[in-house]
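Protein sequences, first through last, are from chains A and B.
Residue numbers are given in the working numbering: position 104 of the first sequence equals residue 104, and the series is strictly consecutive.
Position in the second sequence (first residue = 1) + 128 = the working numbering.
Simulated from the structure, these hints should not be mistaken for lab results.
There's no promise every hint is true.
[What the hints assert, rightly or not] As a list, the in silico SDA-like pairs of lysine to any residue whose alpha-carbon atoms are at most 20 Å apart:
#1 A:Lys124 / B:Asp691
#2 A:Lys117 / B:Asp691
#3 A:Lys16 / B:Asp691
#4 A:Lys124 / B:Lys669
#5 A:Lys124 / B:Arg737
#6 A:Lys124 / B:Phe727
#7 A:Lys16 / B:Lys669
[Said to hold, decoys possible] Where chain A lies over chain B, by a calculated footprint (3+ residues, C-beta under 8 Å):
#8 690-699
#9 722-729
Remember, predicted model here, so these are calculated numbers, not experimental data.
Virtual Cβ for every residue (Gly too), placed ideally from N, Cα, C.
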Amino acid sequence: MDKIGTFTLEKVVLNKMGELAVIGTVDFGSRLSRLLRPKYELGIRRRGEQSTRWVPAQITEATVGRFSIRATVDASGGDEPAGYSDVYFRRAGEAAENAQRVHFPVGGRDWSAYPTKFGNVSFKRGIV
Amino acid sequence: MSGAQHPPTDMRYFMALWGIADEFGGMTTMSLYRACIFLEEAGIVAPILTFEPRAGYERQIETLRAHGKITTDVTVLNPFTYYRQADPETTGEAQQFVPAMPVPAGETDENVDDDGNVFCKTAFQGDGKTVCLREYLRADGTPFLFDEFPTDADGKKTGRILTLVDRRGNIAGRWKTAADFYRHWMVELAGGQPTAIIVDSAFASKVVAPLREADIVKLMVLHNAHVASGGDPVRGKIAAGQQPILTSINDWDGIVFLTDEQRHDYEARFGRTSNLFTVSNPKERAKTMPGFEQRAPQRGVLLGRLAPQKNLQQAIRVMAKVRESLPGATLDIYGKGPDEDELRTLIGSLGLEETVHLRGHIPHAADQFDVARFSLLTSRNEGQPLALMESQGRGCPPVSYAIRYGPRDIIEDGISGYLVDAGDTESAAARIVELCTDDDGAARMSRGAWDRAERFGKKAIVDRWLDTIGAVWGQRSRRTEIRDMRMQVEEIAWLHPGTLEVTAHIGWKQKTGPALERDVAVDFMVVPRSAGAAIRLPAAKVESSGGSIVATARIDPATMATDVDDDQEFLDVFCRVVGGDVAAMFRVGFPPAALTLPFVTTEQALSLRTDARP
Numbered sequence: 001m002d003k004i005g006t007f008t009l010e011k012v013v014l015n016k017m018g019e020l021a022v023i024g025t026v027d028f029g030s031r032l033s034r035l036l037r038p039k040y041e042l043g044i045r046r047r048g049e050q051s052t053r054w055v056p057a058q059i060t061e062a063t064v065g066r067f068s069i070r071a072t073v074d075a076s077g078g079d080e081p082a083g084y085s086d087v088y089f090r091r092a093g094e095a096a097e098n099a100q101r102v103h104f105p106v107g108g109r110d111w112s113a114y115p116t117k118f119g120n121v122s123f124k125r126g127i128v
Numbered sequence: 129m130s131g132a133q134h135p136p137t138d139m140r141y142f143m144a145l146w147g148i149a150d151e152f153g154g155m156t157t158m159s160l161y162r163a164c165i166f167l168e169e170a171g172i173v174a175p176i177l178t179f180e181p182r183a184g185y186e187r188q189i190e191t192l193r194a195h196g197k198i199t200t201d202v203t204v205l206n207p208f209t210y211y212r213q214a215d216p217e218t219t220g221e222a223q224q225f226v227p228a229m230p231v232p233a234g235e236t237d238e239n240v241d242d243d244g245n246v247f248c249k250t251a252f253q254g255d256g257k258t259v260c261l262r263e264y265l266r267a268d269g270t271p272f273l274f275d276e277f278p279t280d281a282d283g284k285k286t287g288r289i290l291t292l293v294d295r296r297g298n299i300a301g302r303w304k305t306a307a308d309f310y311r312h313w314m315v316e317l318a319g320g321q322p323t324a325i326i327v328d329s330a331f332a333s334k335v336v337a338p339l340r341e342a343d344i345v346k347l348m349v350l351h352n353a354h355v356a357s358g359g360d361p362v363r364g365k366i367a368a369g370q371q372p373i374l375t376s377i378n379d380w381d382g383i384v385f386l387t388d389e390q391r392h393d394y395e396a397r398f399g400r401t402s403n404l405f406t407v408s409n410p411k412e413r414a415k416t417m418p419g420f421e422q423r424a425p426q427r428g429v430l431l432g433r434l435a436p437q438k439n440l441q442q443a444i445r446v447m448a449k450v451r452e453s454l455p456g457a458t459l460d461i462y463g464k465g466p467d468e469d470e471l472r473t474l475i476g477s478l479g480l481e482e483t484v485h486l487r488g489h490i491p492h493a494a495d496q497f498d499v500a501r502f503s504l505l506t507s508r509n510e511g512q513p514l515a516l517m518e519s520q521g522r523g524c525p526p527v528s529y530a531i532r533y534g535p536r537d538i539i540e541d542g543i544s545g546y547l548v549d550a551g552d553t554e555s556a557a558a559r560i561v562e563l564c565t566d567d568d569g570a571a572r573m574s575r576g577a578w579d580r581a582e583r584f585g586k587k588a589i590v591d592r593w594l595d596t597i598g599a600v601w602g603q604r605s606r607r608t609e610i611r612d613m614r615m616q617v618e619e620i621a622w623l624h625p626g627t628l629e630v631t632a633h634i635g636w637k638q639k640t641g642p643a644l645e646r647d648v649a650v651d652f653m654v655v656p657r658s659a660g661a662a663i664r665l666p667a668a669k670v671e672s673s674g675g676s677i678v679a680t681a682r683i684d685p686a687t688m689a690t691d692v693d694d695d696q697e698f699l700d701v702f703c704r705v706v707g708g709d710v711a712a713m714f715r716v717g718f719p720p721a722a723l724t725l726p727f728v729t730t731e732q733a734l735s736l737r738t739d740a741r742p
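Excised from the complex, chain A in its bound form (with noise of 0.2 Å):
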């Protein structure tokens, strides 16, 4: 089997029905990779917990040497309890243990976006 490749993150995206999407590329190991087109999967892994959630990556497009992927998760609660998860990236099939972390590059950043308890977007200095 071919190297999983590298996921590289381009941004996260939620909309008003309450959907959050994973957007980034992988570049793919070999010719061969991009010929058989193959899956993958996002994972999210409650903090405490072993299981992880896997949820299939969309390919929205090859390019030279890369795959655009977009892998949508439900943002609305559903029956999630309050808590923190934490986000992988795997190609179908792999080990759970060799899934990637997903970054989340700050690029120099020294304001993060965070919510107030209204709801509402505002940034504080520093990572949150």
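Please arrange chain B on chain A, whose structure you already have, making use of the hints.
Chain B alone, transformed into the frame defined by chain A:
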């Protein structure tokens, strides 16, 4: 406003107040005075409109005339007085008034007019407290208006019905709210002619704002600062009384500020629309300039209430500094108020008994400006301080804190007075010493003050009003009438933890005027939470159709907030919509359906936080 358009020659003019109290303040004074000078300077009859339930104003008007508050030809009109005297016309088939529900037997309250005739009878529910009917009566005892509050079988109010009847008891009109009744009356007064209504009271604005007639233009005068307690113009809380006006300025053909500075502050925060104007209050200067030689060389005058807003503690501290170099300098303060004891204590503790004198309230206190060398104003905030205008108009150069609003519009620093930063007692004292010791400079500034006071004269202000009404009339066909403007965040994209791309949908219902979506601009405003200017980010329109726009902008504080002070830890985001005579501002929120939001860990990894369902 030169080259201005003129109002139509057959235009009718009215000044609107909620009522006229027995003891009234500056706002009512100005409204009455404006009516007087419209007549005096332009031959325009502009009756005062009031809406409070009153049988008449005869005695009050006599008093007002006796005190010179209104001239003989200025009248006060009121819907209750009007219909009490007029026999309203009934149209169509006559229909007798029948009460919506029987009036319970029991005691009634009665209000009588100046002649002792019953004007209003109030009937109550069985509890003796809840009003079920107010019956308004003519002097001959026949009813002209029934104001009913019917209830259901459980005694719960089901609404309100106001019914106007003629002398035979036939229905001449019926409304569900008192405001609708008042608006019917105003339309009747306008008589189908071009009409301008200038509103001074925020309470009356609730009646006038929803009035929509093609030939009636409505102008609202903002007498006070729009931000509460002299707060920060960028982020301060809107003054409670002005909230309904400023959040629906589209209801008005003209919003009239007293000073350019306030208008500019308003525009910087909410956007520049076509219905914003400035017209100063009038203050006629002395016919001839009081002679400089009659001015006591080291005497100053301050007119103002002894109240926290006037910040007179600062005036006393300024005089303490003046006294260090000019021991003979004095300041006479005219006015009364709750701070008197505190101010006396301060004067005593600073040893200024011979320097600062609290003279109390005296009639014609402004005459003191004729004989003083300087005046002083240290207020925290003002709408437009008449004391400064009065001082200038009598050739007494003011030294004033450059507070919001008024001093910067009234004083040309160094020509017609001096402006110093608020709280800078040192500079204020230095300017006073200069005026008291430099005779030539003080005489020159006295002349400068009197010269420049001409622009606040009656003629100048009436001309400005007519130019404003002309402009408002000229653009009325382009007025955009909209309702229910709303903003909803469609999508928020995190490009980095601190960089967002926000896409917002703005929708509204439009009744008249050019299609707003063509002219409107959408900005995102990033506002440092406690101090500093807002940063404006123009948004790109990505979709536009009738009554709807989708706009997007990237918000990256790291690249745009270089002007944000280092001590500012938080930035808040607003969406501002401005075009034609429409301006609206919305706080930007995360999509309410989302309980899960992304965040970055210290290792720069993506994590999600899910909040508990509310």
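Hey, Lys124 (chain A) versus Asp691 (chain B), does the alpha-carbon distance stay inside 20 Å? Distance ~15 Å between Lys124 (chain A) and Asp691 (chain B) Cα, so the pair holds.
Between Lys124 (chain A) and Lys669 (chain B), is the straight-line Cα distance small enough, at 20 Å or below? This hinted pair is violated, its Cα atoms lying about 28 Å apart.
Agreement of Lys124 (chain A) and Phe727 (chain B) with the hint, judged by alpha carbon distance not exceeding 20 Å: Between Lys124 (chain A) and Phe727 (chain B) the Cα gap is close to 13 Å, so the pair holds against 20 Å.
Hint consistency between Lys16 (chain A) and Lys669 (chain B) [alpha-carbon to alpha-carbon, up to 20 Å]: Given pair Lys16 (chain A), Lys669 (chain B) holds - Cα atoms ~18 Å apart, limit 20 Å.
Chain A over the region 690-699 of chain B, status - at least 3 residues with CB closer than 8 Å: Per the Cβ count (3), the hint holds.
So if I understand the rule, the pair passes when the alpha-carbon distance is 20 Å or less; does Lys16 (chain A) with Asp691 (chain B) pass? violated, 32 Å
For the region 722-729 of chain B, do at least 3 residues have a Cβ located nearer than 8 Å to some Cβ of chain A? holds (count 8)
20 Å limit on alpha-carbon distance, applied to hinted pair Lys117 (chain A) and Asp691 (chain B): violated, 27 Å
For a C-alpha distance cap of 20 Å, please report whether Lys124 (chain A) and Arg737 (chain B) respect it. Answer holds: Lys124 (chain A) to Arg737 (chain B) is near 17 Å, not above 20 Å.
Of the numbered hints stated above, those contradicted by the structure are hints 2, 3 and 4, listed in ascending order.
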